[in-house]
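Novice: Chains as they are written, first to last, in this note's numbering: chain A, 1 to 341; chain B, 1 to 309.
Covered stretches of chain B, going by a simulated chain A footprint (3 or more residues, C-beta under 8 Å):
hint	segment
1	27-35
2	126-136
3	223-232
4	275-282
With the C-beta cut set under 10 Å, the calculated list includes, among others, these residues of chain B facing chain A:
hint	residue
5	38
6	220
7	271
8	286
FYI, nobody ran anything at the bench for these hints, they're computed from the structure.
C-beta: ideal position from N, C-alpha, C; glycine also.
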Amino acid sequence: MKISTMLIGVASLALCAGGALAGSHLANTADKRIALSNNYAGNSWRQAMLQSWEEMGAAAVADGVVAAADAYTTSESQATEQAAQIQNLILQGYDAIVINAASPTALNGAVKEACDAGVVVVSFDGIVTEPCAWRIAVDFKAMGKSEVEYLATRLPDGGNLLEIRGLAGVFVDDEISAGIHEGVAENDQFEIVGSVHGDWAQDVAQKAVAGILPSLPEIVGVVTQGGDGYGAAQAFKAAGRPTPLIVLGNRQDEMQWWADQRDANGYETLSLSIAPGVSTLAFWVAQQVLAGDEVPKDLTVPFLKITQDTLDETLASTPEGSVANVTYSLEDAQQVIAGAK
Amino acid sequence: MNTLSRYRIILPVVSLVVLLAATFWMQPRAMSYFGLNLLFNLAVPIALATMAQMMIIMVNDIDLSLGAFVSLVACITATYLLDTPVLGLAMLVALILAYAAMGAMIHALELPAIVVTLGMSFVWGGFALFILPSPGGASPDWLRALMTVKPPFAPMAVVASILIAVVTHLLIIRSALGTVLRGVGGNTRSVARAGWSVLKLKACAYGLAGFFGVLAGMALVGLTTSADANIALRYTLLSIAGVILGGGEFVGGKVSPVGAVIGALTLTLAASFLSFLRLSPDWQIGAQGAILILVLTARLIFSRKGAET
Numbered sequence: 001m002k003i004s005t006m007l008i009g010v011a012s013l014a015l016c017a018g019g020a021l022a023g024s025h026l027a028n029t030a031d032k033r034i035a036l037s038n039n040y041a042g043n044s045w046r047q048a049m050l051q052s053w054e055e056m057g058a059a060a061v062a063d064g065v066v067a068a069a070d071a072y073t074t075s076e077s078q079a080t081e082q083a084a085q086i087q088n089l090i091l092q093g094y095d096a097i098v099i100n101a102a103s104p105t106a107l108n109g110a111v112k113e114a115c116d117a118g119v120v121v122v123s124f125d126g127i128v129t130e131p132c133a134w135r136i137a138v139d140f141k142a143m144g145k146s147e148v149e150y151l152a153t154r155l156p157d158g159g160n161l162l163e164i165r166g167l168a169g170v171f172v173d174d175e176i177s178a179g180i181h182e183g184v185a186e187n188d189q190f191e192i193v194g195s196v197h198g199d200w201a202q203d204v205a206q207k208a209v210a211g212i213l214p215s216l217p218e219i220v221g222v223v224t225q226g227g228d229g230y231g232a233a234q235a236f237k238a239a240g241r242p243t244p245l246i247v248l249g250n251r252q253d254e255m256q257w258w259a260d261q262r263d264a265n266g267y268e269t270l271s272l273s274i275a276p277g278v279s280t281l282a283f284w285v286a287q288q289v290l291a292g293d294e295v296p297k298d299l300t301v302p303f304l305k306i307t308q309d310t311l312d313e314t315l316a317s318t319p320e321g322s323v324a325n326v327t328y329s330l331e332d333a334q335q336v337i338a339g340a341k
Numbered sequence: 001m002n003t004l005s006r007y008r009i010i011l012p013v014v015s016l017v018v019l020l021a022a023t024f025w026m027q028p029r030a031m032s033y034f035g036l037n038l039l040f041n042l043a044v045p046i047a048l049a050t051m052a053q054m055m056i057i058m059v060n061d062i063d064l065s066l067g068a069f070v071s072l073v074a075c076i077t078a079t080y081l082l083d084t085p086v087l088g089l090a091m092l093v094a095l096i097l098a099y100a101a102m103g104a105m106i107h108a109l110e111l112p113a114i115v116v117t118l119g120m121s122f123v124w125g126g127f128a129l130f131i132l133p134s135p136g137g138a139s140p141d142w143l144r145a146l147m148t149v150k151p152p153f154a155p156m157a158v159v160a161s162i163l164i165a166v167v168t169h170l171l172i173i174r175s176a177l178g179t180v181l182r183g184v185g186g187n188t189r190s191v192a193r194a195g196w197s198v199l200k201l202k203a204c205a206y207g208l209a210g211f212f213g214v215l216a217g218m219a220l221v222g223l224t225t226s227a228d229a230n231i232a233l234r235y236t237l238l239s240i241a242g243v244i245l246g247g248g249e250f251v252g253g254k255v256s257p258v259g260a261v262i263g264a265l266t267l268t269l270a271a272s273f274l275s276f277l278r279l280s281p282d283w284q285i286g287a288q289g290a291i292l293i294l295v296l297t298a299r300l301i302f303s304r305k306g307a308e309t
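Model the full structure from these sequences, guided by the hints.
Specialist: Structural data, given as structure tokens:
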């Protein structure tokens with residue numbers, strides 16, 4: 001009880017101070033501690049996300065920006081377990097908790113308790129709906145739409161498209177697909193003639209595309225969700241059909257294939273996805289909130305786009321089997337915040 | 001036997017006290033009204049689920065569908081009970097009756113409970129997904145108020161745990177019904193010869209399990225404020241571990257409601273303690289298992305000594 005009132009006091013004081021000095025002289029956060037609550041670490045994206053957090057956190061602590069930036073991952077990736085973890089983090093006295101949530105709603109009780117105790121809560125990627133928390137969301141719909149818009153610039157005459165979707169029933173899959181269909185509706189020179197589920201995995205995508213290809217007319221472009229472009233390319237090659245314009249998703253194997261094709265026949269495309277380093281963006285947003293900056297509750301993550309010009313550079317910095325990444329800086333976070341104001 | 005029954009409750013208490021002392025030493029902030037509540041409030045639904053599992057283990061069966069069942073209850077609570085309370089309540093009562101029917105069926109057809117409940121877990125899971133395909137819903141206000149109430153002297157989590165322990169102790173250990181139910185686990189044949197209908201008793205035990213499962217799901221929604229179809233899947237194994245940790249045995253109708261509540265609290269605390277230790281998540285499941293084995297080993301040593309004297 002005593003701690004909670006104390007924390008609320010400190011937080012409101014910090015907020016008042018920030019409000020008064022808005023912008024120019026933000027409060028010092030050198031004694032603040034930020035924790036990352038993560039629910040899952042079982043794929044390359046999450047591993048890269050945790051690694052970005054650790055590298056950037058260690059640097060921030062060494063520079064005296066914050067006192068601690070610790071990462072916690074639940075062992076069974078379940079919502080109740082993460083709720084307990086968040087409650088533990090409140091008890092451990094962290095000033096801010098950055099969350100990649102197992103469920104958008106099941107953590108709301110714990111998040112509310114954190115807010116009531118004066119803890120700043122920032123959710124990203126897997127966001128929470130509790131109004132007191134900040135959300136750094138991914139506009140998956142815009143991502144799907146921008147794929148079609150890119151195709152429209154490259155293929156002004158239009159043609160038939162093949163859509164590779166993700167894992168059925170997952171919110172992200174619905175959003176990206178809705179964006180793609182919206183893009184196609186606006187660019188009516190394109191028509192989606194086939195749609196398969198590739199589950200964001202190269203082997204599944206390859207099998208699915210190989211299965212549908214014989215029934216399809218000529219395909220000029222493939223719109224994807226990431227993690228499926230290389231598999232699609234292999235299926236086209238195996239069927240002996242010309243390689244269409246495949247939009248890629250920043251995976252290392254996709255970029256390697258792209259580079260090989262470019263060197264062989266001048267292949268040109270676009271690759272886009274969300275960088276796992278978004279965890280570092282969430283860190284800086286939490287730091288800015290702690291420093292007293294007025295940050296809007298809803299922020300949007302920029303996509304990481306890889307073009308013909310940046311391919312070599314990105315490929316060189318991406319470990320084999322991983323995914324292209326960037327570590328966001330304080331300036332990037334401020335830019336995102338300013339953009340949302 | 002006398003020493004044995006005494007040791008049965010001493011051991012869970014000692015494990016909880018030791019773990020609690022270690023947690024307070026690691027994290028002095030936890031030693032407050034606010035801290036204790038944060039530490040234990042998610043243990044309340046686990047304790048209720050443990051009670052449900054105990055009813056089943058008491059009659060020599062095991063329930064692998066409990067986690068899915070609690071998830072389903074949570075989904076109903078966060079949707080129907082909120083929008084149309086009468087319909088929601090009717091659904092929850094129907095679920096309790098379904099549990100009782102499941103118990104009767106297991107007995108009448110002499111089916112292995114482990115298979116039937118495993119199968120039912122998919123049925124519950126399917127219904128839960130049907131009701132709440134994507135995470136959402138909201139907690140009824142009265143339920144949220146009940147789970148966040150701040151009683152004087154001790155936090156809600158502690159008061160609720162004591163209440164659950166006392167009520168189930170009276171029900172299972174003191175009441176006539178409880179004694180016969182434990183008798184079903186101890187020696188089914190002699191209970192049947194004494195003129196009881198084992199079919200009705202098993203249905204009763206399963207019905208009680210369903211009742212506590214419903215309470216667990218409702219308590220969970222009161223804490224999380226919303227539900228999803230997978231919210232309580234880990235309760236299946238947690239509840240079994242809680243019963244055993246609290247001094248229960250898989251066969252023979254030997255269960256201890258007070259011990260099982262303490263077992264549930266200990267399991268919750270163990271997870272928090274390991275998190276305070278900053279142990280890597282890769283090791284946490286293993287460490288949790290190690291704590292379980294440690295307590296069970298201690299129990300074996302004690303019970304051997306108890307048998308010698």
